[in-house]
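Asks: Here's the letter readout for the chains.
Number of protein chains: 2
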Amino acid sequence: TPPTFTDPHQATAFLRQFHQERPGAGGPGPRLRQVLDEIDRTGTYEHTPEELAFGARLAWRNAARCIGRLYWRSLVVRDLRHLSAADDIAEQCFEHLRLATNDGRIRPVVSVFAPDRPGRPAPRILNQQLVRYAGHPAPGGGWTGDPAGAQLAARARDLGWKCGEEPFEVLPLLVQERAGARPEWYEVPDDAALEVRLTHPDHGWFAELDLRWYAVPAISDMTLEIGGVRYPTAPFNGWYMGTEIGARNLADADRYNLLAEVAGRLGLDTSSERTLWRDRALVELNVAVLHSFQEAGVTMADHHTESERFLKHIAQEKRLGRPTPADWSWIVPPVSGGLTPVYHRYYDPVDPALRPAFLAREPW
Amino acid sequence: TPPTFTDPHQATAFLRQFHQERPGAGGPGPRLRQVLDEIDRTGTYEHTPEELAFGARLAWRNAARCIGRLYWRSLVVRDLRHLSAADDIAEQCFEHLRLATNDGRIRPVVSVFAPDRPGRPAPRILNQQLVRYAGHPAPGGGWTGDPAGAQLAARARDLGWKCGEEPFEVLPLLVQERAGARPEWYEVPDDAALEVRLTHPDHGWFAELDLRWYAVPAISDMTLEIGGVRYPTAPFNGWYMGTEIGARNLADADRYNLLAEVAGRLGLDTSSERTLWRDRALVELNVAVLHSFQEAGVTMADHHTESERFLKHIAQEKRLGRPTPADWSWIVPPVSGGLTPVYHRYYDPVDPALRPAFLAREPW
Ligand code: HEM
Ligand code: HEM
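Chains A and B, in that order, are what the protein sequence lines are.
By this note's numbering, the letter at position 19 of the first sequence is numbered 19, and the numbering carries on one by one without gaps.
By this note's numbering, the letter at position 223 of the second sequence is numbered 223, and the numbering carries on one by one without gaps.
Looking at chain A on its own, in the form it has when it is part of the complex (with noise of 0.2 Å):
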């Protein structure tokens, strides 16, 4: 056991902020003697309940990119440490979709599995997100499906998974014990992941381009790292904003890339940039999105209300004397960046080195 596993600073800075923000847990200072003694017995140490819910939560506040943070202090925290074969957390990953997806009113929360422990790295989910659609080359060329699915897909259908030929098949979620281990598939059974068919407010034609999306972001390929300890294994999901499945999702180039579509059946000229064909094709997207989810009795937000809570949140955090780091280039949104509040200002310098955070995972 390399007594250094778990950075006892990254300890005790953790535990003094736990114990400075809830004056009720007391002082840090037994807590503090305990930890410190553990980590030199066993190179790490357990988080209590209550400082792992913290914790996770302090990571959402923390996160720099994110502009849905006012509602960080709801965050539902599910202690899950103790399960680490993959058929359990493939279980509650799914357990995990329905608790969020609670009939369209979606639920943030995240799903904390095993940590990193010396000579005993955590168990991990290969995919981006809990669900996510496959892609693979078309035959005549051009992509079925998510391009940004398609290395997930490849490896499932390696180990055996069928993919359907359509354009939005869910992904199996794969769960890897081991570095070098042979991960497991499992179907997302289709009651724990709730779609939404897109249709346009305005046009008919639109529900015949047979789209649709998922109602639940769940990233599943994010380290939490909270005082030192890392749990490479802990599921997150808010609820969308629209924009990143009608700007990003639906029309990036490398993605599911329907402007074109779009546009020619709104009838724009698409001979010259200079027509704005892909603003006004993206707009009725976007459109098309907001509307679907608000029928379906889906949560979601539209870019302007969301900036505007962000913005109520910096101003609370303010008042409590806390800054909110931000990154203006993830903050603003991809539609009308210029039209919505968050573009007029700047932000809280963003800290690599703070802590709690998701972090991008390391590889093995």
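Hints may contain errors.
[What the hints assert, rightly or not] Take a look, some chain B residues computed to stay more than 10 Å from chain A by CB distance:
no., residue
1, 25
2, 138
3, 204
[As the list claims (entries may be wrong)] Facing chain B, according to a computed beta carbon distance under 10 Å, are these residues of chain A, among others:
no., residue
4, 165
5, 166
6, 168
7, 201
8, 242
9, 243
10, 272
11, 276
12, 294
13, 305
14, 308
15, 328
16, 337
I should point out that these hints are in silico values taken from the structure, not numbers from a laboratory.
Glycine included, each C-beta is placed from N, C-alpha and C at the ideal position.
Since the structure of chain A is provided, determine the placement of chain B with the ligands on it from the hints.
Replies: Coordinates of chain B with the ligands only, in the frame set by chain A:
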């Protein structure tokens, strides 16, 4: 004469770069000795016409916020360093506008007037741009004209200028010869301020809004600094990118704020942000701007095309072994950011100490 008025290190660095990038000019040795001696004797030095032209173009190439840098070599540099009387400056600013307008085929131009010298700060133009519109609070609440032009309009009125009551009244040019001196004001001649009336290709009613904008954006409140020498009066212009007018000047809540009116005329449902009425009105406003400049034969770039050009510029500079520092939040257009290729990448970091540069002008 304080001998350190012009920093000899800045002078040296600039002259080295000049001689390095223009090998035809020979080694920097003799010129360096001459300049350092001149600084020693007079506190500053005089650029050769070639150094001035090179330095101004370099300042454009270095402008981290500018998406239009592909054509930096083509900048027309007018050497007017012998002029420092208000009348002469005004006359030559109007001549600048005529040259830049060029019957609609806009040319990038900079006019360099007298620099700051030891004990003799240069005169200054008080306007933000050579052509801009006046604004004043309207009697019934709200604004007439451009709120961004309110301060200068008030100042010009104090000096005796008579402001009309229309929403697009061109401000007079204010030139101040010395700190504390009474500024002189000059009506911009009609033939120096080409304007474009705005119409929409599909909506006849758009013309009834009676909107227009001027053809040449000529920034007049930045200091051009080259090799330690400061030129506080060096107005420069490019051509417009449509979004500057359609998404900022006419759309911003603290500028002409026209989105609600355009949305009303378009018959959009403004009862909720979710209908994206703002985004739709924004696109149509921008369509009108691009269409109208095209019809009037006035050069204007759309944000898609200008984004492509900027990536071409970066590639070209890279082949020459040079970085292209860029400020993401200024480069990405305020409309459909995510649709432009400039959105999907990072840039070489910005160094505020980089020179030559156009800088925010310090107060007297
Ligand atoms: C409640 C509604 C939420 C909304 C509307 C929201 C919105 C967003 C958006 C629009 C992004 C940028 C995504 C992109 O451009 O790829 C983002 C990023 C992020 N959000 Fe949120 N979010 C929400 C909840 C959450 C929650 C619950 C967490 C964690 C507990 C979280 C943590 C993050 C993180 C870590 C990122 C950066 C992801 C990365 O680096 O790829 N967010 N969020
Ligand atoms: C030729 C066509 C040009 C185009 C399309 C163009 C485009 C732009 C745009 C869109 C901005 C951002 C403006 C804003 O958001 O307020 C900008 C900023 C800037 N441009 Fe250009 N530009 C052009 C020519 C020039 C020239 C000729 C110069 C100097 C010689 C120049 C120097 C700058 C500088 C210094 C800024 C930053 C201004 C500030 O800090 O407020 N540009 N440009």
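Asks: With reference to the structure, classify each hint as holding or not holding.
Replies: Going through the hints against the structure:
With a least beta-carbon separation of about 40 Å from chain A, residue 25 (chain B) lies farther than 10 Å from that chain, consistent with its non-interface assignment. Consistency note on residue 138 (chain B): stated as away from chain A, and its beta-carbon is indeed over 10 Å from all of that chain's, at 23 Å minimum. With a least CB separation of 18 Å from chain A, residue 204 (chain B) remains clear of the 10 Å interface cut-off, as annotated. Look at residue 165 (chain A): its Cβ only gets to about 29 Å from chain B, farther than 10 Å, so that hint breaks.
For residue 166 (chain A), the interface hint is violated, the least distance from its beta-carbon to any beta-carbon of chain B being 26 Å, above 10 Å. Using the Cβ-Cβ criterion of 10 Å, the hint placing residue 168 (chain A) at the interface with chain B is not satisfied: the shortest such distance is roughly 21 Å. Given hint, residue 201 (chain A) at the interface with chain B, holds; its Cβ is 8 Å from that chain's nearest Cβ, closer than 10 Å. About 8 Å separates the beta-carbon of residue 242 (chain A) from the nearest beta-carbon of chain B, less than 10 Å, and the hint is met.
A hinted interface residue such as residue 243 (chain A) counts as satisfied when its beta carbon comes closer than 10 Å to some beta carbon of chain B; here the least separation is about 7 Å, so the hint holds. For residue 272 (chain A), the interface hint holds, the least distance from its beta-carbon to any beta-carbon of chain B being 8 Å, beneath 10 Å. Interface restraint check for residue 276 (chain A): the shortest CB-CB distance to chain B comes to about 5 Å, inside 10 Å, so the restraint holds. The closest approach between the C-beta of residue 294 (chain A) and any C-beta of chain B is roughly 7 Å, which is under the 10 Å cut-off, so the hint is satisfied.
The beta carbon of residue 305 (chain A) is positioned within 10 Å of a beta carbon in chain B (closest approach about 5 Å), and the interface hint is therefore held. Because the beta carbon of residue 308 (chain A) sits about 9 Å from the nearest beta carbon in chain B, less than 10 Å, this interface hint is met. Interface restraint check: residue 328 (chain A) against chain B, minimum CB-CB distance 5 Å, threshold 10 Å, status holds. This hint holds: residue 337 (chain A) has a C-beta 5 Å from the nearest C-beta of chain B, less than the 10 Å allowed.
Violated hints for the displayed structure, listed by number in ascending order: 4, 5, 6.
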